[in-house]
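Visitor: Construct all of the structure, not just a fragment, from the sequences and the given hints.
Chains A and B, in that order, are what the protein sequence lines are.
Just so it is clear: in the first sequence, position 41 is 41 by the working numbering, and no numbers are missing.
Just so it is clear: in the second sequence, position 121 is 121 by the working numbering, and no numbers are missing.
To be clear, the hints were calculated from the coordinates, so they are not data collected in a lab.
The structure displayed is predicted, hence computed values, not measured ones.
Backbone N, C-alpha and C define an ideal beta-carbon position, used for all residues, glycine too.
Hints are not guaranteed to be accurate.
Not everything, but these chain B residues come out facing chain A in the computed CB check (under 8 Å) [what the hints assert, rightly or not]:
#1 L18
#2 F21
#3 I24
#4 Y61
#5 F76
#6 I95
#7 G123
#8 L126
#9 T185
#10 G193
#11 A196
#12 L197
In silico EDC-like links for lysine to aspartate or glutamate, alpha-carbon gap of 16 Å or less [said to hold, decoys possible]:
#13 B/K183 / A/D192
#14 B/K131 / A/D192
#15 B/K32 / B/E174
#16 A/K5 / A/D125
#17 B/K183 / B/E171
#18 A/K13 / A/D192
#19 A/K3 / A/D125
#20 A/K191 / A/D9
#21 B/K180 / A/D125
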Amino acid sequence: MSKIKYLIDGIVKNNPTFVLVLGMCPTLATTTSAINGMGMGFATMAVLICSNIVISLLAPVIPNKVRIPCYIVVIAAFVTVVQFVMQAFTPSLYETLGIFIPLIVVNCVVLGRAEAFANKHNVIDSILDGVGIGLGFTIALTCIGLVRELLGNLSAFDYKFSSADGMLVFVLAPGAFIVLGYLMVLFNKLKDRKKRA
Amino acid sequence: MEYILIIISAIFVNNVVLSQFLGICPFFGVSKKISTALGMSLALVLVMGLATLVTYLIQNYVLKNTWFGAQMDITFMQTIVFILVIAALVQMVEIILKKINPTLYQALGIFLPLITTNCAVLGAALIVVQKEFSFGGGAPHMMNLGESVVYSMALAVGFGVAIILFAGMREQMELNNVPKALKGTPIALITAGLLALAFMGFQGIV
Numbered sequence: 001m002s003k004i005k006y007l008i009d010g011i012v013k014n015n016p017t018f019v020l021v022l023g024m025c026p027t028l029a030t031t032t033s034a035i036n037g038m039g040m041g042f043a044t045m046a047v048l049i050c051s052n053i054v055i056s057l058l059a060p061v062i063p064n065k066v067r068i069p070c071y072i073v074v075i076a077a078f079v080t081v082v083q084f085v086m087q088a089f090t091p092s093l094y095e096t097l098g099i100f101i102p103l104i105v106v107n108c109v110v111l112g113r114a115e116a117f118a119n120k121h122n123v124i125d126s127i128l129d130g131v132g133i134g135l136g137f138t139i140a141l142t143c144i145g146l147v148r149e150l151l152g153n154l155s156a157f158d159y160k161f162s163s164a165d166g167m168l169v170f171v172l173a174p175g176a177f178i179v180l181g182y183l184m185v186l187f188n189k190l191k192d193r194k195k196r197a
Numbered sequence: 001m002e003y004i005l006i007i008i009s010a011i012f013v014n015n016v017v018l019s020q021f022l023g024i025c026p027f028f029g030v031s032k033k034i035s036t037a038l039g040m041s042l043a044l045v046l047v048m049g050l051a052t053l054v055t056y057l058i059q060n061y062v063l064k065n066t067w068f069g070a071q072m073d074i075t076f077m078q079t080i081v082f083i084l085v086i087a088a089l090v091q092m093v094e095i096i097l098k099k100i101n102p103t104l105y106q107a108l109g110i111f112l113p114l115i116t117t118n119c120a121v122l123g124a125a126l127i128v129v130q131k132e133f134s135f136g137g138g139a140p141h142m143m144n145l146g147e148s149v150v151y152s153m154a155l156a157v158g159f160g161v162a163i164i165l166f167a168g169m170r171e172q173m174e175l176n177n178v179p180k181a182l183k184g185t186p187i188a189l190i191t192a193g194l195l196a197l198a199f200m201g202f203q204g205i206v
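Guide: Take a look at the structure:
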């Protein structure tokens with residue numbers, strides 16, 4: 001039972017985007033459409049799970065003083081792997097996400113989980129935590145991408161509803177901030193209502 | 001002339017935070033007061049200039065070099081090498097600054113370690129070695145060393161401009177009566193959105 005809790009916590013109680021407000025750069029930059037958001041979410045999730053596994057295994061051997069550089073090397077190695085996999089199998093997504101794939105290295109979600117969770121727990125728990133937080137991140141990014149795509153381009157998952165023009169501003173930079181702001185309001189409101197009920 | 005175009009384009013048109021989405025975490029994290037925002041951006045100008053200088057040289061003379069007569073292209077190590085170099089560099093700047101200028105160290109001290117995880121530093125270092133740029137209608141070309149360093153320092157100044165403006169707004173917002181669900185991050189995000197909207201007006205200058 002407690003194992004399932006690690007999974008659920010990552011999605012709702014410790015949602016990296018809406019609650020912890022971590023990893024904002026990719027959240028805002030890559031969510032121009034639902035598919036892009038989802039792609040970024042899954043890429044981050046892959047890195048997060050792999051680095052969680054390795055760091056939870058290596059934690060007893062890594063000297064405490066140099067732990068952060070060690071974590072960064074592990075994460076950077078997996079990011080490079082993910083980068084090549086995406087370049088090979090999803091070249092168009094790789095082009096769109098561009099610089100933000102190597103920037104997963106400095107995504108505070110990944111380093112944050114290594115420091116706060118993986119180095120204190122065993123492998124199984126760390127995998128579950130990686131999956132939970134990764135899913136939470138992916139869901140949040142897909143939601144933001146979906147809203148921006150709907151408002152900005154009148155389409156969802158690249159399926160266009162109408163040939164009319166949307167409100168372009170939501171696909172551009174300012175829309176990212178505004179959509180995330182209001183989604184966060186919605187999330188707070190729902191959580192508040194649940195608490196009171 | 002080209003340097004002026006690079007600087008204007010990096011500060012206003014392609015503002016790091018508001019149009020390229022790099023360095024968002026410190027943008028929200030240390031923008032509660034103007035004084036801390038100023039310290040952070042000064043430290044960032046220093047580190048970004050140095051980091052780009054070093055990573056540019058590494059990219060062109062180590063990763064892409066001919067070793068012992070054989071062409072060795074190890075640019076796939078870019079991500080790992082760059083982040084390690086940046087982390088080491090930040091640490092070094094901290095130690096040197098402590099020795100030669102303790103007052104400046106006192107002022108910037110707490111911000112320096114935070115900069116390692118600022119994606120603007122790694123982002124700028126990667127952008128200048130990957131992308132071709134064209135300024136003032138010239139043909140797109142890879143930037144040379146001088147242009148790269150000026151570009152990333154100007155990006156850091158752009159970060160400074162954005163964060164100081166934003167800190168000013170947040171100081172005022174403290175006094176306002178904000179609805180409960182909007183308190184904290186959501187209202188900050190919406191304000192940043194409006195600021196980004198204003199910065200979109202600079203598009204097309206360069």
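Visitor: Would you mind marking each hint as holding or not holding in the structure?
Guide: Hint check results:
1. L18: B/L18 check passes; min Cβ-Cβ to chain A is 6 Å, inside 8 Å.
2. F21: Since chain A brings a Cβ to about 4 Å from B/F21, closer than 8 Å, the hint holds.
3. I24: holds (4 Å)
4. Y61: violated (20 Å)
5. F76: holds (7 Å)
6. I95: violated (15 Å)
7. G123: holds (6 Å)
8. L126: holds (6 Å)
9. T185: holds (5 Å)
10. G193: holds (3 Å)
11. A196: Interface hint status for B/A196: holds (4 Å vs cutoff 8 Å).
12. L197: holds (4 Å)
13. B/K183 / A/D192: The given pair, whose Cα atoms are some 13 Å apart, holds under the 16 Å limit.
14. B/K131 / A/D192: violated (46 Å)
15. B/K32 / B/E174: Holds. B/K32 to B/E174 sits at ~9 Å (cutoff 16 Å).
16. A/K5 / A/D125: Given pair A/K5, A/D125 holds - Cα atoms ~10 Å apart, limit 16 Å.
17. B/K183 / B/E171: holds (14 Å)
18. A/K13 / A/D192: holds (12 Å)
19. A/K3 / A/D125: holds (7 Å)
20. A/K191 / A/D9: holds (14 Å)
21. B/K180 / A/D125: violated (36 Å)
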